[in-house]
Amino acid sequence: MKISDIIGSDPWKPAPAAPVVGFDIGSRGSKGVLLTPDSIYTTFIPTGLYMQETADELLARLLKEAKLRRRDIAYVVGTGYGRISLAYKDIPYQVVTEITCHASGAHALNPRTRTIIDIGGQDSKAIKVDPATGRVLEFVMNDKCAAGTGRFLEKAAVLLGLELDKLGDVSLQATEPAVISSQCVVFAESEMISLRARGERHKDGAAHANIAAGIHFASARRVKSLLGRVGTEPDLVFTGGVANNPGMRHALETLIGARFVPAPIDMIYAGALGAAVHAGRHQAAAAAAKQAGSAAPPRRRAATAAEKPALAHTA
Amino acid sequence: MTNSVFSADLLPIHALIEAEQQAFIADEGGRKRAGYFCAYTPPEILNAAGLRHARLFKAGSPEIVSQGERYTQSVFCDFSKSCIGAFDKEGGDPFYHAVDKLYTFHTCASMKRAAEVIEQFVPTTLLNLPRLRNEAASRDFFRSEILHYRDDVAELVGRAVTDSEVSAQIALYNKVRRLLRDFSELRKRPNPPLTGLDFLELVRGFYYLPPATLLTAYEKLYQKLARTHDDGSRPIRLMISGSIMADGDRRLVELIEREIGARVVVEDHCTGYRPFAHTLREDGDPFAALADGYLDQAPCARMKPLDDSLDFSTGLAEEYGVDGVIYVYLKFCACYGVSKLEFLDRLTASGVPVLEISSDYSVSDIGQLKTRVEAFLEVLQGQRDDRIETNSKEHVHG
Chain A
1 MKISDIIGSD
11 PWKPAPAAPV
21 VGFDIGSRGS
31 KGVLLTPDSI
41 YTTFIPTGLY
51 MQETADELLA
61 RLLKEAKLRR
71 RDIAYVVGTG
81 YGRISLAYKD
91 IPYQVVTEIT
101 CHASGAHALN
111 PRTRTIIDIG
121 GQDSKAIKVD
131 PATGRVLEFV
141 MNDKCAAGTG
151 RFLEKAAVLL
161 GLELDKLGDV
171 SLQATEPAVI
181 SSQCVVFAES
191 EMISLRARGE
201 RHKDGAAHAN
211 IAAGIHFASA
221 RRVKSLLGRV
231 GTEPDLVFTG
241 GVANNPGMRH
251 ALETLIGARF
261 VPAPIDMIYA
271 GALGAAVHAG
281 RHQAAAAAAK
291 QAGSAAPPRR
301 RAATAAEKPA
311 LAHTA
Chain B
1 MTNSVFSADL
11 LPIHALIEAE
21 QQAFIADEGG
31 RKRAGYFCAY
41 TPPEILNAAG
51 LRHARLFKAG
61 SPEIVSQGER
71 YTQSVFCDFS
81 KSCIGAFDKE
91 GGDPFYHAVD
101 KLYTFHTCAS
111 MKRAAEVIEQ
121 FVPTTLLNLP
131 RLRNEAASRD
141 FFRSEILHYR
151 DDVAELVGRA
161 VTDSEVSAQI
171 ALYNKVRRLL
181 RDFSELRKRP
191 NPPLTGLDFL
201 ELVRGFYYLP
211 PATLLTAYEK
221 LYQKLARTHD
231 DGSRPIRLMI
241 SGSIMADGDR
251 RLVELIEREI
261 GARVVVEDHC
271 TGYRPFAHTL
281 REDGDPFAAL
291 ADGYLDQAPC
301 ARMKPLDDSL
311 DFSTGLAEEY
321 GVDGVIYVYL
331 KFCACYGVSK
341 LEFLDRLTAS
351 GVPVLEISSD
361 YSVSDIGQLK
371 TRVEAFLEVL
381 QGQRDDRIET
391 NSKEHVHG
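Here the protein sequences line up with chains A and B, keeping their order. Our numbering applies: residue 1 is where the first sequence begins, and numbers increase by one. Our numbering applies: residue 1 is where the second sequence begins, and numbers increase by one.
Treat each hint with caution, since some may be false.
One-sided excerpt, in silico: chain B residues whose CB lies under 10 Å from chain A [stated by the list, open to error]:
no., residue
1, Pro353
2, Glu374
3, Ala375
4, Leu377
5, Gln383
6, Asp386
No lab work stands behind these hints: they were computed from the structure. Cβ coordinates follow ideal geometry from the N, Cα and C atoms, glycine included.
Same shape as in the complex, but just chain B (with noise of 0.2 Å):
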């Protein structure tokens, strides 16, 4: 590859993840595969058992997503007809195919459903996920289910998981979380060393990557990127916020900063920055630290109250002093398109300006939605403009 689609030196991790992949499914090592969803399912527990797993969280291609559509009606979104085209037999991903167990936890009912449907593909076990975040008994519940979520993983690898092994892993995954906030940290500087894309790129690297090998890499370059030195160039930053953004799932983000030249500098979405915000309890009982952990971690819209997500989201705009929001759901999101206005009114209000954007993983309507973000930029830009020139006047004139 001469023609990096990344701005910092990140074709070394991209190779790494690219080589996992490769060994996963060609089963190096002979270890079980492990696969899991959504950003709520603890990877801790799976690495302490010795396993290898992934995120599953690809953006089907057009025939995966619609060998997918037929097992559900179209009103599903374009993720959960990935998930499940992916593992169905006939066409398919290799990489999906060679998991040997697939966790989930029950997010919102299309999820679900694809992975009651997937279950016939695949030894697979549904966990609860409560979402009353705030609830004394939604804690000792989680607990319970990540318990659960252990034995069966203990079963898969015919030995137990300790709890000691579970905090040594607590604490490593901690430390890769840092990691992650200190490279987003980077961001907030007004010219960015790294892209919105190169940060995905880190993010995917989290999902696929053993968190040892992952330490090595993202530690040099992390260096490397805190050493940049500025040359100056402001560019226009925005955030993007809304549903998941699969592994894939870039042409949005490439329109913005490959094309058009502005910056996305965080994300509040569970594939970008979100994740990596909360930091785990090390100590006491490790079962209480995940289930408070993931349930303090910032929450998806499919949590309660709905009011947490919002402050998170207007609070991570202000933090990281954006321009303009993009909020993109995909279309028959239950979680993100149904509760958009609430996000579109309450950054509105807080005096970012939002743009509004419905996505699929189909290629066909990149022509407007080019329209939408150049014109969204031009808006913005304008009104840096008015900035510019309101303070050249004040200093003027004062």
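One chain only, chain A, in its complex shape (with noise of 0.2 Å):
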């Protein structure tokens, strides 16, 4: 896809001078990002076994679709929870976290952007992003809990006979949300399962509707209070696998009284795009440093070797 397509015909910023790739290597899905200095390219696969394994299959797919070799690759930037086991000998690799990849793709995508919303498969996190760098102001990220997290809705939508991207537009047909008090999914599954037990309406649509609402409800009510130090100031962005459900987006919508703004692509690629900007960025100062030799190191690498170590792992 061309980038004017997305964003319109401005130059984007962002835009790297060399092919990159950003990969999210997500609890349960990884996704990768091929930027080139005009088009981007996603792709998505269930996260496997074996990180790396996962990684090249996403690479061949994304060479494949761009009709571009390994060797054009200039960079490759790694996030989600496997970044830490990939490894390349060939393509310069560093890794960043989601939580940094997440602001720098939906703030690529949308400058205006100030808050984040990222709901994954195990974690979800509030991100108050610098509409004037794409940088990470304040982040506040889930506890050890499922409440709030796509796994979370995955359990519910078993539960409920659903597949679970039928899980929130069922969602949205609710007369009247059921009352899920639990923020455990354990308790809220034995909330669920009383509430599918009352019996004479175990058929019937409306109760599927507005049990899946209030999973989405009560969910939602989770990550809100994620919100509470990182504020809701507007461009409001939801990013991650559960930006698609539509049940979630209401939830959420209704409980903080303001609106996600559209984006234009679908935002389970924001981490892997952000990866792919890093990407981009550490291709130009790589290619800088080259052109300027020993003599003149450029600015930005001001850091000396043993601090480089606080951001950048070198696989």
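Reassemble the complex: the two chains are provided individually, in unrelated frames, and hints are given to aid placement.
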């Protein structure tokens, strides 16, 4: 896809000088984004047992689609919980956390982004972004608990006998959302079971919808609590796989009292896009350093070698 | 141990601590052994009486924590569960089993209840610690509690503990506290010659080693570290603030220093720098000196007014020139969990970025912990890069 088709004909600041790749190896799904100076390619596969194999497959798919060869790729950045397990001998590689990457990805698509809610398979995060730079100002991540994550919605879909991608649509048909008070998945699940067990309306479509809506609201309440310190300044952007769930979007917008800004691409790719944007910057810094030679190292790399590991983990 | 977790030459001190623990368990020398939980318990009295003594502040293994949980509700912190579980006759920790007498000043409700449970395993004396640290009546009362403590210790050893013995111990411990302060002072250098893990080990030594042994070993190390040459690196500087960081609870600092490469340069908690910030009066009535000294030390969040704790925390962050603070509290901690917003707001208002982490002694959340800490360091590094850029622009244009 041409970048100009997504963001219009103005020059796109994050565009890289050479093809770069970002991977977001998540707990459930893995995402890859390949950026060239004028195009963007995306791909998604379920995360496998071996992260490197998953990343290799993502790369093969991206190269095929972009009609490029492996040696054309100037830089790779990995993010997501599998970021640490990746290693490349032939391509420069760095890791950046998904928090920084979601901010960069959302900011690259919409420079007015100030607040991000990211809900993935096992984590949810609220991120406050500096619109001038796309940098993270503050963030809050959920506790080690599945409430308010994609995993919770997955479990709920199974209990209701629904496909995960139908759960959100069904919830929007609710006439009277069920009250699910528990913030804990396990207890919310037992609440669901007792709601279902009330019997007389068991086969009733509205019952499914009402329970599904209750689940989304319970989950959204949990996510909303993350916004406490981060705030809700517009533009408000929803990223991560759960951003595709209209039920969750509706529940969050209702509870927060504000609308998410529509995104130009599927926001499941926000993290991988951010990683690709970082790859572009690393590539530019490396190229500048090479050109300047050892006599005049670029200013941005003023940090000493010993300081570097604080941020940049070279595989 | 070939792959030392320490950056300074701390293996000899580490070995001394291990040997002391073995001697404690093996009852070498046949001296009575006393244990205590909290940094508000003056070891001066225990040492004056010639006891073998140690602060009991180990982070329990998952087995010990769940053993402790048999006696509590789940909403007790993992430290209080660790203390109970380690004393429990089933399972437990041989080091805790070796204790003849436990002294504990009533700090938080969880630890008070823990001490009451532990009474069934070991003779325990529970003493009172006033909260209102600035009241004259608190000082008189605390002094009388310290006298009870002295009498109890005297009964345990079967001889009197004299005023001059206590005075001598105050002077000795002041010397140790000053030395630990000197070590910490080295961390104000842009490239500290010792890591946060190193300093935690020095503090660990303070709570296990007899002060005389400690002074000999530590003075030598201090001289060496003070002469360390600056190799020019400028790591990101962090302060850790919050609940007790128990002996063995090292995963956060290991992550920061050994995996990410940043540095903890100071701790605002009772198992880091905090207990060493204060020097006790050495003249006059030694019990008044202990009462005043321990109430005047940098306060735990269980003391009132909380503003004193907040002032100390922000002051320390500024004094050590930190880039950010990680505020970490044990889940269910009634002191640091409940006052977290005050700490976070005050530190943020003073211009220091803060990351909040709630913690326990499990290991399952290490991935999430890593993501949070790495992302926080990315934020701090970004801010530092911006400062470098702004400075160099000013340099060019100004």
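_Given hint Glu374 of chain B near chain A, where the shortest CB pair must fall under 10 Å_ = The hint holds - Glu374 of chain B has a Cβ within 10 Å of chain A, the shortest such distance being about 5 Å.
*Please verify that hint: Asp386 of chain B, Cβ, nearest Cβ of chain A, below 10 Å or not.*
Cβ of Asp386 of chain B sits 8 Å from chain A, so the hint holds.
*For the hint on Gln383 of chain B, just tell me whether its beta-carbon gets within less than 10 Å of chain A.*
8 Å, holds
*Against chain A, run the beta carbon of Leu377 of chain B and see if the smallest gap drops under 10 Å.*
6 Å, holds
*Regarding the hint that Ala375 of chain B lies at the interface with chain A, is the smallest CB-CB distance below 10 Å?*
4 Å, holds
_Supplied contact hint for Pro353 of chain B, tested at 10 Å Cβ to chain A_ = Holds. Min distance 8 Å.
Hint compliance for this structure: no hint is broken.
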